[in-house]
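With the hints as a guide, bring the two chains together.
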Amino acid sequence: MNGAAQLMQGHEVIAPIVLPLLAGSVLVLLEKSRSRWVPLVSLCATGLLLLLSILLVMQASGGKVQPYLLGNWQAPFGISLALDRLSALMLLLTAAVASGALVYAVAGQAGRSEAAQGEHFHSLFQYQLMGLCGAFLTADLFNLFVFFEVLLAASYGLLLHGATRARLKASVHYVVFNLSSSALFLIAVSLLYALTGTLNMADLALKLPLLRPEDARLAQAAALLLLVVFAVKAALLPLYFWLPDTYAAASAPVAALFAIMTKVGVYAIARMTTLLFGVSSGGATAGVAAVALPVLALGTLVLAAIGALAATRLRGLVAYLVVGSAGTLLLAIGLGTEGTLAAALFYMVNSTLVAAAWFLLADRISAARGGVDLLDARALSGGWAPLGLAFLIASVAVAGVPPLAGFLGKALLLQAAGQTPMAVWVVALVLGSSLAMMVALARAGSTLFWKPGAGGGATVAAHVSAHVSTHLPAHVTASGALAVRPTSAAHIWAIGALLAAVLASAVAAGSLSAYAGAAAQQLLQRQPYIEAVLGARPVPPKFDVRKEMRERARESGELK
Amino acid sequence: MLLLLSLGIGTLTGCGLWLMLRERTFDTILGLTLLSYAVNLFIFAMGRVKVGAVPIVEAGKTFTLANTADPLPQALVLTAIVISFSMTAVLLAIALRSNAESGSDHVDAEEPRP
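In the order they appear, the protein sequences are chains A and B.
For the first sequence, the numbering used here assigns the number 59 to the initial residue and increments by one for each residue that follows.
For the second sequence, the numbering used here assigns the number 429 to the initial residue and increments by one for each residue that follows.
One chain only, chain B, in its complex shape (with noise of 0.2 Å):
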């Protein structure tokens, strides 16, 4: 479980790497996207994984670390996912703009010099 995601981890951040450092706005913005993915889930990762852990509290059961998941990674995350969907769609906006007035997808809003 734990070499799984880790290797999805890695395999999500090598992508989102490879695919932010391209020059087109629409590449640029899908490795970010997946780089954001990859961010979540270590943030998940970081509160140690565990199968089959009640979330907060069963009952019978003492409220320990040993006994059940961690919240705290779990409300991180999900206010990282909520920023990282909001600004990507801010930067989408900003690029589709961008592609409109330059009429060039380039990150720097103009083709290349050949």
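Just chain A, same shape as in the assembly (with noise of 0.2 Å):
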């Protein structure tokens, strides 16, 4: 019965990985012969995934771990997938943005010349997809890092594309930080192999409780070290300083796909800090990080914050409200109790959808201001009534306002971290962090939208830099005055699309919650999915070509 359910089961699991990576290839033959077809190639690819990833939502939302062996060997021994509610859940975010990201990057590519956009832009997208999804899939930890350097692979690309002076040197920054960062990773991967000899997420969880104490402080070691290497992706404190650099220098749509990379390491966080090193984990390396999480996190939250209050540009703005949303999920995921990280999956949603429709709305918004992305009085081109309706909307959702998702999450929050020590940090500085985006937002708005006089206006810009010197120098959007396109249809499209999906997460905040309820819940009994994991039997093979050549060896042998 259970063999026959083994059979039937299909392949969907591993689909996420292997379309984008079929998409990237025929793409890269298409982009060699400059077909025309690449983008609409590309489109149909996303929008597969998309389609893809809501089947595996629902698939997953019954609550079945889903286990995948990669090349049919037993599971410590292969590499396996999983698909929960959490991967699915980061699966169908992932393909949201990218779906959105890409509509508007097809829109501001037409008509122009390949070397702006970069000839490789689609081949590379997919390819970014495909290690995003790989990264949410796998149950692997040395095929976590395989996925982690195939979509930092691509996304050195995309950074560099239409390579301006900024962005160059924001690549060099970017590249040398993650290439340590991965030697970091490796190093814990390989340390935390010799002392349980695994590498399989399922059976490292059943093996660092009986590790010999002796080896306790290199199990912590090793597991700290993979919490800083996620760190680094996911912007925690000391380890932010890449993202809001690499995030303005990036064009639009690049920079709307990061708005998932971050969450690739909050995602990481919270399946080590549930599965391997939760505090019910038992072992040396139970709750390793269940102080110092949060404490770094609410640090990173007012960083975050007195960050945005400086920004001179848009751009820098919207990079540290990304760092702001980080800071507030790590921080509940670090509170490790159900609630918190219910809460945490909720506001993932919305802190994802937003901050990709934030990037590409600072695009709109500065080339309605002839390509200038610096938060001063300027002229606005076109009508300020769509821009600013958005620029409304996507403000109230980001700043955690009533009525829109953003506020629901926090209120979730607050609600169950009432219940931890630290609670009266967490209440006042998330709340204190909310206000002051709210005013750094509140006041960008103003300058942008009601003091539309030509000239005169560098007030502001010149009142914020006093304060700080972290601002970015004044190429960083140099290219910004090349690329200006004019907003089309499609732009409001995608930047529409991604905030009714921000406001579809309000409407349906019921049935998001509880999905959120429940993927927290399936975190914290780790038992379903190591022996979900643990117990994936390899499918009989059709054909055993082994045996046969044994066989064929013996017949020929016979005929000599």
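Don't take each hint at face value.
Covered by chain A, per the in silico footprint, the following chain B stretches (three or more residues, Cβ under 8 Å) [claimed, not checked]:
{"#": "1", "stretch": "446-456"}
{"#": "2", "stretch": "469-475"}
{"#": "3", "stretch": "501-508"}
{"#": "4", "stretch": "511-519"}
{"#": "5", "stretch": "528-537"}
Below, a sample of chain A positions facing chain B; criterion: calculated Cβ distance under 7 Å [claimed, not checked]:
{"#": "6", "residue": "TYR214"}
{"#": "7", "residue": "LEU226"}
{"#": "8", "residue": "LYS227"}
{"#": "9", "residue": "VAL230"}
{"#": "10", "residue": "VAL234"}
{"#": "11", "residue": "ILE245"}
{"#": "12", "residue": "SER248"}
{"#": "13", "residue": "TYR251"}
{"#": "14", "residue": "ILE364"}
{"#": "15", "residue": "LEU367"}
{"#": "16", "residue": "ARG610"}
{"#": "17", "residue": "GLU613"}
{"#": "18", "residue": "SER614"}
{"#": "19", "residue": "GLY615"}
It should be emphasised that the hints constitute simulated quantities derived from the structure, not laboratory data.
Every residue gets a Cβ at the ideal spot worked out from N, C-alpha and C, and that includes glycine.
Following this line, the structure appears as structure tokens:
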């Protein structure tokens, strides 16, 4: 019976990895011959990925963890994938953000020379999606490293597209920083392998509590190294300095896609701190980051608020909003109760979508201002009403003001954090940073939309830059001036769709929070995940090649 | 053997870190390369160093780690080498382009003000 069920089981778990891989490979060939089908193929593949991830969310919402054995090896020996509620949610989020970013990119690309957008934009985009989906699905630590490298390699290429001086500088920093963190990742993974003899996450979860006491310190070092690596991706306090420069330098659709990249780090931390190093997991590594993570996350929130207040450019402001949302998420994950985890997953959906919408919107606003990203009074070409409305909705969603889902997420978090020892700090700093971000956004909005006088408007920027030395150098958006494209219907559709998804997450808040709650519960009950991954049986081969070869050898031997 | 290996890893890591923290892109890349060598050796060492053991199976001996070297870290090292090599190539290309665009091989793409 069980065997029959296993045989029936399809390959849909690996499809989100294979689909972008195939699409990317086809696109490389098409791009080579400069085919005009390139955007269409890319759009179709991303649309398919969106449909597929909706299907997977529906499948995962039943609560069953679905394992997949790559290479058909029994679990701890081969590489496993696993689809649970959290993975499915992340896949859907990735596909949604990617669709919005891609529609926007195609809209911006029409009629533009290849040099401005870059020749291999679409294939790199697909490879990045492959890396993202793989990272969300894998249940193997080394495989996670490999998918991290896939998505990073693609992101290096995407960041560089339309290479300007500012992008090159940001790229050098970004690549060096990520290569160093990859080195740390390898050290941590190999340490864990040396201690436990396994890389499968489910198997690790079983083996970590059984470590000898003399290995306890090494295991803790490895666990914390892993968290440092993920904190680099998630932009936690001492390691977020790469983010504002990088995101501000990237082109708009790329920055929008990068909004999901910080969430890979958040996802990995959520997975590690529940499955491997959770407070209840037992052994030396149990709760290894239980104090450090929320404290650092609170620090991140404070600095993100200061950064947002001090930003002199709209892109920089948005980048700090991303840092702030990562801080909120890591705070909720670090507190580690079921309630805060559920709040984190709920908030993740809203904050990722709205961050992506923000990067696209910031690009449109600067395009309407003649390619200038600086927060100063300047004439706005075209109507201010659609941009202003989008700005208002996006601001309300990102700052956590009722009635949108950002507020609900923060409210859920505060409610759940009330029972934790850090409740006072959490409430004070989350509310304080929300207020600061709201002030920053209100000031930016009033400067952009209410002071449309041409010239004589450098006051705000000069005033702000007096306070801060970390703002971006003046040539950062020099690329913006080169790449100004009038706002087309597709641009509006892309931003509108992302904002509509944000609104929908507020309207469907009931079912979304039920799903987030169930996902959090599934994360904390580690047993079903472990059993599903380790219990997955290899599919019996239809043709046993080795047996056939043996028989053939015997026959030929007999013939001789 | 073990002492030699660990001293080698330590030296490579130390040199790599020192070079990485310098201000020229060439030094930084060289440092990253040394660091990746150190990491590769470290992964290799994490599979327990054995002298003269067969890689996978020897005829007549049971397949346990007492008789053979651990093949998994060797596979991991291979992956890590490929990835770090290709990423270093990408970084070199970026650094060269940055140097060509800005006329400076400083990591901030401009000479520090005196």
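A quick look at each hint next to the structure:
1. 446-456: Per the Cβ count (3), the hint holds.
2. 469-475: Coverage by chain A holds for the stretch 469-475 of chain B (4 residues, Cβ < 8 Å).
3. 501-508: That given contact holds, which follows from 4 residues of the stretch 501-508 of chain B lying within Cβ reach (below 8 Å) of chain A.
4. 511-519: holds (count 7)
5. 528-537: With 5 residues in contact (Cβ-Cβ under 8 Å with chain A), the coverage given for the stretch 528-537 of chain B holds.
6. TYR214: Constraint on TYR214/A satisfied, holds at 6 Å.
7. LEU226: holds, 4 Å
8. LYS227: Hint on LYS227/A: holds, closest Cβ of chain B at ~4 Å, below 7 Å.
9. VAL230: holds, 6 Å
10. VAL234: holds, 6 Å
11. ILE245: holds, 6 Å
12. SER248: holds, 4 Å
13. TYR251: Since chain B brings a Cβ to about 6 Å from TYR251/A, closer than 7 Å, the hint holds.
14. ILE364: Violated. Min distance 23 Å.
15. LEU367: Since the shortest Cβ distance to chain B is 25 Å, the answer is violated.
16. ARG610: With a closest approach of 22 Å, the ARG610/A hint is violated.
17. GLU613: violated, 24 Å
18. SER614: Violated. Min distance 23 Å.
19. GLY615: violated, 19 Å
Hints 14, 15, 16, 17, 18, 19 from the earlier list are contradicted by this structure; the remaining hints agree with it.
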